[in-house]
Amino acid sequence: NAGVTQTPKFRVLKTGQSMTLLCAQDMNHEYMYWYRQDPGMGLRLIHYSVGEGTTAKGEVPDGYNVSRLKKQNFLLGLESAAPSQTSVYFCASRGTGNTGELFFGEGSRLTVL
Amino acid sequence: DQQVKQNSPSLSVQEGRISILNCDYTNSMFDYFLWYKKYPAEGPTFLISISSIKDKNEDGRFTVFLNKSAKHLSLHIVPSQPGDSAVYFCAASAKSNYQLIWGAGTKLIIKP
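Quick note, the sequences are listed as chains A and B, same order.
Throughout the first sequence, residue numbering follows our numbering, covering 1 to 113 in sequence.
Throughout the second sequence, residue numbering follows our numbering, covering 1 to 112 in sequence.
Derived from the structure by calculation, the hints contain no laboratory data.
This structure is a prediction, so every number in the text was calculated from the model and none was measured.
Be aware that one or more of the hints could be misleading.
[Unchecked claim] Below 25 angstroms or equal to it, Euclidean Cα-Cα: the simulated DMTMM-like pairs (lysine to aspartate or glutamate) are:
#1 A/Lys71 - B/Glu42
#2 A/Lys14 - A/Glu30
#3 B/Lys68 - A/Glu30
#4 B/Lys5 - A/Glu59
#5 B/Lys68 - A/Asp38
#6 B/Lys95 - A/Glu79
#7 B/Lys5 - A/Glu101
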């Protein structure tokens, strides 16, 4: 019973490098989200998707891009990593018909040196 | 401007006693509120929610109270158990967009 799976779980990058975080869900959920969590702060929404082929900006989208080519996958890309993007990233999904219950992955810890 | 505030970064409670976690919000458009629980190295998991048409929702040991006039909600855990030690996040949304706005979390420590 996988639920929401994120890869990789840990990554260290140098400033300027690029990388992609992959999120996969097996619950046939329409909505998918990428959040970041920083110390002393709540989760902040980066980008989200309301269905295959759609994406939208959240609170803190700058420096990130996303794609939702398949319903079960939501990719988060960093084209040119910066130290300010050091964070823990969480992917989440939810089905239509519920107003807020999100299912989260275990998180991906990214360090940018 | 933090729309959802959890003013206590941490809370320590004796096992068996009541734990009360508080959350304040500023946006009067919020009409749905949720509590999530998070263990280290795991993602948050949904705990309990409440709609603005109610002032109380109960699920086993967990009860959420909503005071709309004060823009305040609280989560009560009775009795507290060691497995309740975790970070608790309050989140709120408006029906218009369903995007959750999160508080910074409160770390609950249950002492044996």
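Evaluated hints:
no. : hint              : result
1   : A/Lys71 - B/Glu42 : holds (24 angstroms)
2   : A/Lys14 - A/Glu30 : violated (34 angstroms)
3   : B/Lys68 - A/Glu30 : violated (31 angstroms)
4   : B/Lys5 - A/Glu59  : holds (17 angstroms)
5   : B/Lys68 - A/Asp38 : violated (29 angstroms)
6   : B/Lys95 - A/Glu79 : violated (34 angstroms)
7   : B/Lys5 - A/Glu101 : holds (20 angstroms)
When held up to the earlier numbered hints, the structure conflicts with 2, 3, 5 and 6 and fits the remainder.
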